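Trainee: Here is what each chain is made of, one letter per residue.
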Amino acid sequence: AQSVTQLGSHVSVSEGALVLLRCNYSSSVPPYLFWYVQYPNQGLQLLLKYTSAATLVKGINGFEAEFKKSETSFHLTKPSAHMSDAAEYFCAVSEYNFNKFYFGSGTKLNVKP
Amino acid sequence: DAGVTQSPTHLIKTRGQQVTLRCSPKSGHDTVSWYQQALGQGPQFIFQYYEEEERQRGNFPDRFSGHQFPNYSSELNVNALLLGDSALYLCASSSYRGTNEKLFFGSGTQLSVL
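Residue numbers (this note's numbering), protein chains in the order written: chain A, 10 to 122; chain B, 122 to 235.
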């Protein structure tokens, strides 16, 4: 079975500060990992994905994530937070055929001016 | 190019009623997945349709059923509604022959069961 755990349901950072959102996965097979962002009253948008290529994955809006097999982690980072980054972020793991995605419970990012 | 569209955006029903939610996939996509997102939770997989057949199903009771039409659009039906069915229902589309791992989500249908 596959699952995802996101540590911290709420994270607050100051504008310009480092953003770090944590995600740990559980998978019996090599995982495919994703980060999605959800703005209020909108659907989820793909930020980035890891599908067994480079372990450091760069996404949109300056976000990146590093796949660490030894730590079963796929943390999301951004060097400098912007007010527009305030949203809810979901980590997800997929089965090999991408038919089913398992999402974490989400982390709401608040960016203070 | 229209993305994934869902209708209606909001719906209020009472316990025991039946509801139908609709989804039109992104142009060029042939696969539709449905997810339930309860308040404060991440989306949970309900089922996926491809070639008008249910390909995979999550841990949801038979009260949840679906359909895919020849034009790839899809419906989610929920019978005998329970208070616990109140949630945001998200439709996601993808291309089975293309980058199937990339899901495009609609804005969802907010269902409230009273």
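Hints should not be assumed to be uniformly reliable.
To be verified - In silico BS3-like links for lysine-lysine, alpha-carbon gap of 30 Å or less:
(1) B:K134 <-> A:K109
(2) B:K223 <-> A:K78
(3) B:K147 <-> B:K223
(4) B:K134 <-> A:K58
What the hints assert, rightly or not - Ranges between beta-carbon positions, derived for each pair:
(5) A:Q54 <-> B:A159: 17 to 23 Å
(6) B:N180 <-> A:V38: 41 to 47 Å
(7) A:S23 <-> B:P191: 30 to 36 Å
(8) A:A26 <-> B:Q177: 39 to 45 Å
Hint data in this document are derived by calculation from the structure and do not stem from the laboratory. Bear in mind the structure is a predicted one, so any value in this text is a computation, not a measurement. Beta carbons are placed, not taken as given, at the ideal position from N, Cα and C, and that holds for glycine.
Trainee: All the hints need checking, so say for each whether the structure fits it.
Mentor: Hint check results:
no.: 1; hint: B:K134 <-> A:K109; result: holds (28 Å)
no.: 2; hint: B:K223 <-> A:K78; result: holds (22 Å)
no.: 3; hint: B:K147 <-> B:K223; result: holds (12 Å)
no.: 4; hint: B:K134 <-> A:K58; result: violated (37 Å)
no.: 5; hint: A:Q54 <-> B:A159: 17 to 23 Å; result: holds (20 Å)
no.: 6; hint: B:N180 <-> A:V38: 41 to 47 Å; result: violated (20 Å)
no.: 7; hint: A:S23 <-> B:P191: 30 to 36 Å; result: violated (52 Å)
no.: 8; hint: A:A26 <-> B:Q177: 39 to 45 Å; result: holds (41 Å)
Hints 4, 6 and 7 from the earlier list are contradicted by this structure; the remaining hints agree with it.
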